[in-house]
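J.: Sequence:
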Amino acid sequence: TRRTVIGHDTWLGHGVQVRPDVVVGHGAVVAGGAIVTKDVPPFMIVAGIPAVPLRSRFTSSVADRLMALAWWDWPHARLRGALDDFRNLSAEEFLERNEGTI
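When we follow the working numbering, the leftmost residue of the sequence shown carries the number 1, and every step to the right adds one.
Please note that a few of the clues may not be correct.
Said to hold, decoys possible - Taking CB as the label site, the calculated pair distances span:
1. R87 x I49: 33 to 39 Å
2. G13 x D64: 21 to 27 Å
3. N88 x R3: 32 to 38 Å
Read the hints as simulated data drawn from the structure, not as lab findings. All figures in this text were calculated on a predicted structure; none of them were measured in a lab. Virtual Cβ for every residue (Gly too), placed ideally from N, Cα, C.
Turn these sequences into a full structure, and let the hints steer you where they fit.
T.: Put into C-alpha cells, the structure is as follows:
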C-alpha cells in the first residue's frame, strides 16, 4: 500500500493540500493554495487546483546529479562544513565542489 511522502528539500506554500497516496519528490516546490492530486517529480515546480507542473528547477542532468549526491542525508558536521557552499554557490558549482567527496 502507498502512503503520502514529502521529499527532502521540498517547499510547500501556505495552504497547500496533498492528497493521500501522493509522492512529492525531493526538491519540489508547491505554490501556495495548490492541491496536489498526482505525484510530483523531484525538483519540479507545481501550482494550481489541481496542481500542474510549471517548470523544473534545474536541467534533468543537474537534477539527476543532485539526487545522486543526496546532500540531505549527509551528517550534520558535513552539512555545517558546506554551509557557505549552500549559501553562495549555484547548484552547478555546488555539485562540482561536492561530488565525489564522500
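J.: Going back to the hint list, which numbers does this structure go against?
T.: Of the numbered hints given earlier, the structure breaks none, since each of them holds.
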